[in-house]
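Keeping the supplied structure of chain A fixed, place chains B, C and D upon it in accordance with the hints.
The chain contents come next:
There are 4 protein chains.
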Amino acid sequence: MSSEFGKLLRVSVFGQSHGKAIGVNIDGLPAGEAIDMDALNAFLDRRKPGKSRLSTQRREADAPIFLSGIEKGVTCGSPLCAMIENSDQHSSDYSELADNPRPSHADYTAWVKWGGQADMRGGGHFSGRLTAPLCIAGGIAKQILARRGVYVGAHLSSVGTENDSAFPLRPTAVLFDEVAAKPFPVLDDRAGERMQALILEARQNLDSVGGVIECAAVGIPAGLGDPMFDGIENRLAAALFGIPAVKGVEFGLGFGSARLHGSENNDPFTVENGQIVTETNRAGGILGGITTGMPITLRVAIKPTPSISQAQRTVSLSAKEPAELVIRGRHDPCIAHRAVPVVEAVTATVLLDLLLEGHHGTF
Amino acid sequence: MSSEFGKLLRVSVFGQSHGKAIGVNIDGLPAGEAIDMDALNAFLDRRKPGKSRLSTQRREADAPIFLSGIEKGVTCGSPLCAMIENSDQHSSDYSELADNPRPSHADYTAWVKWGGQADMRGGGHFSGRLTAPLCIAGGIAKQILARRGVYVGAHLSSVGTENDSAFPLRPTAVLFDEVAAKPFPVLDDRAGERMQALILEARQNLDSVGGVIECAAVGIPAGLGDPMFDGIENRLAAALFGIPAVKGVEFGLGFGSARLHGSENNDPFTVENGQIVTETNRAGGILGGITTGMPITLRVAIKPTPSISQAQRTVSLSAKEPAELVIRGRHDPCIAHRAVPVVEAVTATVLLDLLLEGHHGTF
Amino acid sequence: MSSEFGKLLRVSVFGQSHGKAIGVNIDGLPAGEAIDMDALNAFLDRRKPGKSRLSTQRREADAPIFLSGIEKGVTCGSPLCAMIENSDQHSSDYSELADNPRPSHADYTAWVKWGGQADMRGGGHFSGRLTAPLCIAGGIAKQILARRGVYVGAHLSSVGTENDSAFPLRPTAVLFDEVAAKPFPVLDDRAGERMQALILEARQNLDSVGGVIECAAVGIPAGLGDPMFDGIENRLAAALFGIPAVKGVEFGLGFGSARLHGSENNDPFTVENGQIVTETNRAGGILGGITTGMPITLRVAIKPTPSISQAQRTVSLSAKEPAELVIRGRHDPCIAHRAVPVVEAVTATVLLDLLLEGHHGTF
Amino acid sequence: MSSEFGKLLRVSVFGQSHGKAIGVNIDGLPAGEAIDMDALNAFLDRRKPGKSRLSTQRREADAPIFLSGIEKGVTCGSPLCAMIENSDQHSSDYSELADNPRPSHADYTAWVKWGGQADMRGGGHFSGRLTAPLCIAGGIAKQILARRGVYVGAHLSSVGTENDSAFPLRPTAVLFDEVAAKPFPVLDDRAGERMQALILEARQNLDSVGGVIECAAVGIPAGLGDPMFDGIENRLAAALFGIPAVKGVEFGLGFGSARLHGSENNDPFTVENGQIVTETNRAGGILGGITTGMPITLRVAIKPTPSISQAQRTVSLSAKEPAELVIRGRHDPCIAHRAVPVVEAVTATVLLDLLLEGHHGTF
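Chains as they are written, first to last, in our numbering: chain A, 1 to 363; chain B, 1001 to 1363; chain C, 2001 to 2363; chain D, 3001 to 3363.
Source of the hints: derived by calculation from the structure; they are not laboratory data.
Please note that a few of the clues may not be correct.
Claimed, not checked - Pairs of lysine-lysine residues, derived as DSSO-like cross-links and limited to a Cα-Cα distance of at most 30 Å, are as follows: (1) K2020/C x K2048/C; (2) K20/A x K7/A; (3) K2020/C x K1020/B; (4) K3072/D x K320/A; (5) K7/A x K48/A; (6) K2072/C x K1020/B; (7) K72/A x K20/A; (8) K3072/D x K2007/C; (9) K72/A x K3007/D; (10) K2320/C x K1020/B; (11) K2020/C x K1320/B; (12) K2007/C x K1020/B; (13) K1048/B x K2020/C; (14) K1048/B x K1020/B; (15) K2007/C x K2182/C.
In isolation and in its complexed conformation, chain A is listed as follows:
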């Protein structure tokens, strides 16, 4: 088992970048949920490449075809399988990669694991393109959650050394929509301009640059999640590390809290409108793996795109000797901004899974 996650809601991703199709099978969706296809396609559009010089010039139609699980626009209870046919592939661009693994890409590890049989054209099953099926699952989850007052949103927290401001203590669905509607998903547009300049500069230098995404979920009731190894953090982290290029996940202040004193990091409890809340939310809405009812906040580190156009040192797998590699093809100088909806998608999917089992223990 590998390309699957979830407990009551099982999401299985399939496909290789240059195979016949990529897609997702979702087992355990509640029945009777209307899916707004326009909204879903708008969500999928947010991760699409080819929209500006900030990303690859590849164009992907990415129109999902639903094979099962949905009838007349409504989920019917049985597994929902959707596929996206692959079309715009330039496999020849990758022909020389077979023997020369790209540094910091999965070419080498896939070769070790699966041998010469691994279909690594365009990154194969490890391609960022596989995040499109994740967004189908997540886009559906977001709609089901929104119907119950749970909203998930994200923005680009940093690119390289340029930082956006952070979400406020209580972000709203309106704020999430505003960011989602922007061509560049930041809170502070001037910070966004500096980030874009960094990305274009990297592109010009035949280089790439990494970034951090902040994601939040509001409307989650207190008491969700289980202690130790099945808490909100465990399950979100396990799924988020499934997004290609993610190298770190933190909740609330995360690594920042490790630099603080308890008196600076603790969130005092108080009562607001008859509800127990915390005055601050350095815990990211999670204590002991269980939700406090405050917004869940998390941050995800995205490494710089490993595919850069500069000459790089690699090896010949067949000759077991050093080699030089110049990667051709079209690549994103930064993938962090395109990964923003992907982080939302995975977060929403995990939260829906948790909510589906939410009332166990008090049935």
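The following block gives chains B, C and D in isolation, referenced to the frame of chain A:
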């Protein structure tokens, strides 16, 4: 399911801080593995409190009693259950907590989830004391791994704003042993002194302080792990977030790589003694969720102990109104240094689980 | 993973017959459930040996010691671990078995799997004694279910060629209690006498005899279970085959329905007191893996005790040559009647697990 | 999670009988396995309807389209997704079923679970048609197993009251092939003629009839499987009950052994060609959930097709009152013979999954 992790090697932790016993059940251990009890106890000693003013003055015997799975010092194949009886408890210290949840502790979320029935004396099932059973599992895993040339070690990377140096590119079992033998687990003892000063200062201020732990594993073959959601990172992160107080997990450069360019972050491949290796290891030994054969490196953020002796704002659960709380009892001003062997333990357990299924796909 | 089952309610069994203790860890029990210890012990007594000449003369105290998960007689939400210390062991009885595997017992397969290290004294982890921890879990589950109007009962359906009558279309909790209170758990006591005569005859012939157990559950709402591989039948069968000596599981008419025509096997729907029910229940309350609301009925085949006192042909594992074996020690000439509460226990545990996730899909 | 099974080899089935497509996603297949498409299609043909008056006159093309996981006829390591497009559907035949659930079919339970949204045209996700994707998975598994000397075969053991002879003590791949090549899959063709007469008689009477399938696997090494809940029997049974219409599963003599004495049921060990074997194989090659190295044998009870053309009593779901139903459309008077390759397929898939983790414990 909550306090369990693992796929072929299932680790289930049980117990409350002030209940009759805490313990662990390990299902799936290979048979015929001799367990060196002295080495295991020495490992358990590393997380024990009561050794200096740097930690709580509670004394725990922590002598594990093996109920099953081991005969004449050798694993016999059936599940290994071990318990540690609880003895040195001062439950009265916690009597007033019942109605006043400690800020940034799990008291409140446990109460929401389990109601007044939750046994939260001493933190209940959420107590740091539950890391002792984790260390039993991890101590056993470390012995089994070492027999196959796989070594896991860790050190305190930072306390508050004070930093230790980082592991070298290729840490060795000897280095791991050296750090483990130190009273304060750092590479650079002068940095360690500054860290200890910070901890004592926090204690004096009735405060606490957080820290970061760096862990590494060497000897892991290339090709371990599966793509997307069942990779090394997914499974390590899911388990590591089960350690109380962990708020962030990163691999290789982690959040640091998000600030870099691809040309700075990529690890060039080369050939060394006939082996394909990388010249640098910013990826932490993992590409596409699969091991490269380079050392696995990860860092874990530990928040400052939430139990501090300063007066704090909280609420009365029964009255639903603000209240003030002064926590009595004995608490660690920092738990990061005691968590070092716990991070090793969890890492070793996950790696053993992965190795047990390692050859699938090429059976 | 091996000695565990369940999805939201995880039950892990540990221990060897002649080790220090056997026990069970239950993760996922709802909090706030009072456990009636007298009722639990009465339930455990039903599987105990040593009560008559019908079973082994071994006496087991079988008093469970609760290590965690229960405070003041009420579940507290965290994992419940209970152990039973082993005391009345005659390991010397088994001394010669080490090299001569008992036919149709797990001695040989354990030796292949775990090598000479396998602790097979008294059957080790494969011993029928391991059903005592299952009964702790099941006895607790039965209490929690009964509180919600769900009742599970069983009787001995046959011993050898002697048959009891079948449960009526709608068995009641009262009927279940009546059978449970009998020294020999049958509906028709005259059939029970014939069965007992068969067992005593087998004993006299240094032989043993098998049997079938019928189990029913009433009060289960319609709509529980999932299609295909996660239905009621899949999950019950997977768990029931975990009871030592079970070689067959069927639901409703089971193998009997394979001999019928559709017109004889179909259950017509009708309306009774405003409820949709079936006039007959050949389906055992399950269609498409999902409950109909009618009683769940199942039957479990228990093979004759493999330990018989006649001389048997076996091999010497060390010499790899034929050998003769005469098993000494005290053995049950039939285990089917003692397995009746075990089948109830496992059925109740699985049903509780299913009910805990019952409302998913319509949350 | 529902329509999935497997641990290291995960098989997820999707689709509704009259939706756009049905299919299967297989995660965890070893890489580098050549798939013989002609052999696979020949295997799929064995379960196809429309070949004679013994089955429905529906014709299904059933040509699988591979979306991922296979390149140039060889598995590439990433998940293999295959779909079969639906074409020959007469949905109007089922129009009146919406309100009148067919007795002993899943119409009613799907309606309870999923509400009016359930897509039950043609049985929806519960249709026997969903066994085609299972056969894709199983046909692939059979090829991979055969390459390693493991062979799986099955025959129709009985239809109604007519019985075939049983597999010999050691069935061979040649015997399996012979049965598979027959138009009616029995060992004794005269018994097969009597069975076919029974089926045609049922058809003439607007009725249907059930049957039993015997399946065997040879070449499995001793020591496969885990004790208690993760043994060969648990996992095979859990998966086999996922085949629509299965109501019973037994291993070796199964329910038959419950009628025997230990002296009749025990399998004596002996040595043959230097190998430890059993003289008989009443245990079906499994002791304590672990393989003995002898052939695995099991039997599966298939209930009579619930769709019969006689008038039947049912209810109106909307009016909650009795109703009469006459099912139109084309239905199999018996599905047991068509289920023979399906039982092989599921058995092969589970065994491959077990073999993939086979060597854990001795890594």
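How the hints compare with the structure:
1. The hinted pair formed by K2020/C and K2048/C meets the criterion: a straight-line CA distance of about 19 Å does not exceed 30 Å.
2. As the CA atoms of K20/A and K7/A are separated by approximately 29 Å, the hinted pair is consistent with the 30 Å bound.
3. Restraint check: the Cα-Cα separation between K2020/C and K1020/B comes to about 18 Å, which is no more than 30 Å; the hinted pair holds.
4. Distance restraint check for K3072/D and K320/A: the Cα-Cα separation of roughly 26 Å lies within the 30 Å cut-off, and the hinted pair is therefore satisfied.
5. Annotation: proposed proximity of K7/A to K48/A holds, straight-line Cα distance about 29 Å (limit 30 Å).
6. Proximity of K2072/C to K1020/B is assessed by CA-CA distance (about 12 Å); at most 30 Å being required, the pair is judged to hold.
7. Restraint check: the Cα-Cα separation between K72/A and K20/A comes to about 26 Å, which is no more than 30 Å; the hinted pair holds.
8. The straight-line distance between the Cα atoms of K3072/D and K2007/C is roughly 39 Å, outside the 30 Å bound, and the hint therefore fails.
9. For the hint linking K72/A to K3007/D, the alpha-carbon distance of about 34 Å lies beyond 30 Å, and the restraint is violated.
10. For the given pair, K2320/C sits about 48 Å from K1020/B by alpha-carbon distance, which is inconsistent with the 30 Å threshold.
11. With a C-alpha separation of about 48 Å, the suggested pair K2020/C and K1320/B falls outside the 30 Å cut-off, and the hint is violated.
12. The straight-line distance between the Cα atoms of K2007/C and K1020/B is roughly 27 Å, inside the 30 Å bound, and the hint therefore holds.
13. A hinted pair counts as satisfied when its Cα atoms are at most 30 Å apart, and K1048/B with K2020/C qualifies at roughly 26 Å.
14. Between K1048/B and K1020/B, the direct Cα distance comes to roughly 19 Å. Compliance with the 30 Å bound is thereby established for this hinted pair.
15. For the suggested pair K2007/C and K2182/C, the alpha carbons sit about 34 Å apart, so the restraint of at most 30 Å is broken.
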